[in-house]
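Let the sequences and hints guide you as you build the complete structure.
Protein chains in written order, with the numbering used here: chain E, -4 to 508; chain V, -4 to 508.
Rather than coming from a laboratory, the hints here were simulated on the basis of the structure. For clarity, every value in this text was computed on a predicted model and none was experimentally measured. No false leads were slipped in.
Put simply, identical chains are the same to the list, so a pair is met inside one copy or across any two.
Derived DSSO-like pairs: lysine-lysine, alpha-carbon spacing no greater than 30 Å straight-line:
(1) Lys98 / Lys131
(2) Lys346 / Lys57
(3) Lys47 / Lys334
(4) Lys98 / Lys111
(5) Lys294 / Lys57
(6) Lys111 / Lys87
(7) Lys57 / Lys47
(8) Lys346 / Lys131
(9) Lys21 / Lys334
(10) Lys312 / Lys57
(11) Lys98 / Lys248
(12) Lys131 / Lys47
(13) Lys47 / Lys294
(14) Lys131 / Lys21
(15) Lys21 / Lys57
Number of protein chains: 2
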Amino acid sequence: MNPSAEQTPVTPRSVDYAQWYLDVIKRAELAEHSPVRGCMVIRPHGYAIWEKMQRELDDRFKATGHVNAYFPMFIPLSFLAREEQHAAGFAKECAVVTHYRLKSQNGEVVVDPDSKLEEPLVVRPTSETIIWAQYKNWIQSYRDLPLLINQWANVVRWEMRTRLFLRTTEFLWQEGHTAHATAEEAIEEARRMLDVYADFAENVMAVPVIKGCKTPGERFAGAVETYCIEGMMQDGKALQMGTSHYLGQNFAKSADVTFLNRQGQREYVYATSWGVSTRLIGALIMTHSDDNGLVLPPKLAPIHVVIVPIFKTDTEKSRTLEEAGRVAAELRAQGLTVKLDDRDGIMPGAKFYEWEAKGVPLRIEIGPKDLDQGSLCLVRRFLIEQPGESAADQRKRRKQFLPRAEALASVRPLLETMQRELLERARALRAARSRIINSLAEFEEFFRGDTPGFAWVHWAGSPEQEEEFGKRFETSIRCIPFPDQIPPAAQGPGTCLLTGQPSSQRVLMARAY
Amino acid sequence: MNPSAEQTPVTPRSVDYAQWYLDVIKRAELAEHSPVRGCMVIRPHGYAIWEKMQRELDDRFKATGHVNAYFPMFIPLSFLAREEQHAAGFAKECAVVTHYRLKSQNGEVVVDPDSKLEEPLVVRPTSETIIWAQYKNWIQSYRDLPLLINQWANVVRWEMRTRLFLRTTEFLWQEGHTAHATAEEAIEEARRMLDVYADFAENVMAVPVIKGCKTPGERFAGAVETYCIEGMMQDGKALQMGTSHYLGQNFAKSADVTFLNRQGQREYVYATSWGVSTRLIGALIMTHSDDNGLVLPPKLAPIHVVIVPIFKTDTEKSRTLEEAGRVAAELRAQGLTVKLDDRDGIMPGAKFYEWEAKGVPLRIEIGPKDLDQGSLCLVRRFLIEQPGESAADQRKRRKQFLPRAEALASVRPLLETMQRELLERARALRAARSRIINSLAEFEEFFRGDTPGFAWVHWAGSPEQEEEFGKRFETSIRCIPFPDQIPPAAQGPGTCLLTGQPSSQRVLMARAY
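Listed below in C-alpha cells is the structure:
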C-alpha cells in the first residue's frame, strides 16, 4: 500500500482525460514510471490483473491446440535483417547489445571495450526471425505441420513518447507463431486467433470490438495481411487491442524453411503470428473506469469482494470482525476471492475510497446494526447511470441492505450482472459515438466536435491519399471491417467521401491511441 | 514432433554421463541450443514442465503472502554500480545495451552510431538494484512493511561455457525481493522461503535436498548470508537447486531506502531475495532419468497417461480406438491429463519408445485381446530396481494386466506410488554415495574413486585454504548444513581434516555442477 496514493485525487474525465487516466493508474496502484527511460514498473495490483488475463488467454490458446515454448530474447542483427520489410519496420526502435562485460576503471564501473561482440544482438521487438530460424530444424514434411506455438515474453521497442500500459519501451505480451502446409490453413488460423481475441475482449474484458483487416500501410512489417480488433475508449478514440497476421511464405523464405508436401514436392511453409500485450490493461481502464478510479469486470478482478467491518467500541469490533470472518469464509467457499480489510487506524470511509479506486466490484459493509438485524450491506462498484440522475441518488442505488442469507446468495448473480452491464454500457457508448458519414463536411464536423468517435465511411483513396487525409483530421482507417462487423444501416456499397470513386463497403475511421 | 529425434539413441549413463544428459534432452525434446551464443530454446515439452513448476511454486509463494509484480529488465549502469560487492560480482557477465536504433548503410543493416545511449543499460543479471530504487518510493514507515514481492522473469548472465538448463546466458527464473522492519523478520523470511524451496524439491520434484548456509566465499554478491538447498545427481555431483539470501541493509543503503520505525526513528530497511530457475529442469533430469530417457515425477508430468491402441485389421482399429477414447474420457474425469496416441503409420513399439523417452509416467496399451477379456494393460515408466534383476525381468515387472474397472481405479494410486518411490530411490542413491570422512587420505580415496558423492567432513580452514583445497580435489563446500540436516552418525564436533583445528559440526563437500 502506498500511503501517498491515498491522497491523490482523481482528475475528472471532463476536465482532463489524459490526466484522469494517469490518476486512475496511480490511485489504483497499477503501475508507475521507472528511472529507466520508457520502461514501467507493473505494481502488484496491475500485475494481478495481467495474471488473470494470462490465465484466460492461455486456456483459450491451449483449447485451440497451441503449446507454449520459449525462445532467446536476443536476435543476431543478421537474422533481423533477413526479412527486408520486417527489418525496415523495426530498425528505428531496437535496443542493441554490443558488449558483454563491465570493468572497473579509476574506481568507476564502465563498459569493457575489449568485450565488444563480433555481431551485435538486438533485444527482440517481436520474435518471427529467431523463431523461424529454429523452425527450420523442426519442419521437414507436411507431417510436422501444423506447428502451433505460443510464447509469453517481454519485448522491447524503443519509444520516445511513452504512456503507461499503452506505449512503453519494454512491455509484456504473448506471441503466437504457427506454421502450416497451405495458405488456406494459415489464413484460417490467423482468423481463428482473431476470434479468440475478440471473444476474450467481449466476454472477459467486457470491451466490444470491431474485427477487420488493416490497410496495407498499417500492416505488420513482413505480413501479407494483418487482422485486428479495435475497441472504443470513453473519449471516443480507438484502441487497437490485438493483431493477428497472415505472413504468407515471407518468413519461411527469409529463413529458408521448406517442407515436403503431400505431393512429394518441396515448398515454403506458410506462417501466422498473433499477439496481445499489457496494453490491454490500458484498454480496460479507459473503457470502464470513472472519476472514482478503476472499474474492473468481475472476471478480471483480483479481488471480487472486499469486506469492511464498522465499529466504534471494542465489543462492536470483536462482534463485527467475527461476523466479517464468517462471511469471508462463506464467500470463499463459493470460489470467490475475498479481502477482509481489518486494518486498524484507518476509517471505514477511507477504506471504501481506497477499494473503490482499486476497482473491487463489490463491497460488504458490516456494522453492529447489520448484526442486530441479521442483514448485510452490499455496495456495487458501479451501475448503469440513468439520465439526469444525481451522484447522491446513484450512490443510494448502488447500496442494498439484504437479509444475510439472501445477500450471500446474491453475490455471484450480482457479479454476473455487473460483468454483463459493463459490456452493455460500453456498447451503448460506442453506439452513441458512432456515425455513418457520407460527406467530407459531415466528417469534418464530427471530428472537430466535442464528441468524435467511430466514423463509418466509404473510402477508395490511394495509400498516399489515406496518409494525407489521416494527417489532416488526425484520424486513421482503423480497419476494413469484416462484412458482418458493419452495423446494418452502414452496410452496402457507396462512393468514397474523398474521391467519389465507387467503394464496395464502408471502413472504420477514428482517432486512435 | 521432431522426426530426427526418434532416431537418436540415448548414450548409456555408464558410458558417458554428460552425453547421456544431452541425449535425454534431445530425445525428450526438452530444449536445444539456439544460434545465439549461450542461449537455449525451451521446446514445448520442456516448457510444459516449467509451467507445472511455476504453478506449484507460485501457489506456495502466494500462500505465504507474496504477490507478483514486474520491473524493467534494463538497469542503468550507475544503479548496478551502487552496491560495490554486487557490481563486482556481476560485472564480468553483463550484456550491455549501448544503442537504440539500426539503420541502412550501403544496403546493409547496421547499428546507428547516432543512437548511442548517454548511459549504457545492463540487461538484468538479477534485479536487486532496480527493485530497491523503486522500493524507495513505496516505503516510508513500518506500516508499509513487510513488502513481499516476487517476479517471474528472464535474466542474463553472460556465460562462456554453457550447458542446457544448467548454465545458459539467458534463463528463466523467479526472484523474490522482500523488505522488512527488523533483521529478525528478514532472516525468518529468508529461512521460510528456503523451506518452501525444500518442500517443493522433495514433495513435487521428488529430489531430496540438504539445507544450509554457503561459506562467505560462495555467498551471493551483496548478501550477508546465503542459504541454499543442495541435491545429489545420479553421478554423485551436487547441484545447487535454490538460494535464499539475507541481504541485511546493504541494498537499502545503496538505494537509500529508510523507514520510520515503531520508535519513530529513521532506519535502513532489511532485505531478502530468493530465486530458483529453469536449472531445476536439469536437476529433475539428472536425478530421475534413465537410459531410456526422461523420467518425471507424476506431479510435474505434463501428460500423466498415454494410451496406445494396438490393432492389425480395420475392425480391430475401430474397436480399440473406441475403447481408448472411453478410457481416456474416464481418466480425464478423474482430473488426469491423458494423451491418446492415435497417430497412423507409426508402430506401437515406436510409440512406446517415444513416450518413455518423454517421461510419461504411465502407459495403457489396448489391443483386441484386452477388449475381449475386459482388461487393460498398464505399464509404468519406472520402478525401483531389484539387485541383480535383468532388464527383461524389469520390463515384465513394469507391466500389469488388470480387469478394466480395477485398472482405472489403480491409476491414481499408481501415480502416487511412483511419486513416492522416485523420492525413495533418490534418497537411497544419496545415502549410498554419502560418506562420513575423517581423514585426508579417506577424502582423497573417495574423490579419486569411481563413485564419489557427498562427503561429511569437519572443516576449520581459512577461506584461502578452502579455495586451495577445492581446487586440489575439484570439490567445494556445498554448504554448512543446518544442524538437523546432518545425518545422526555425522553429528557432533570434531577436528578439521586439513588443519586439525576444532570444528563444531561437519560441512558438506562434493563436486558440483
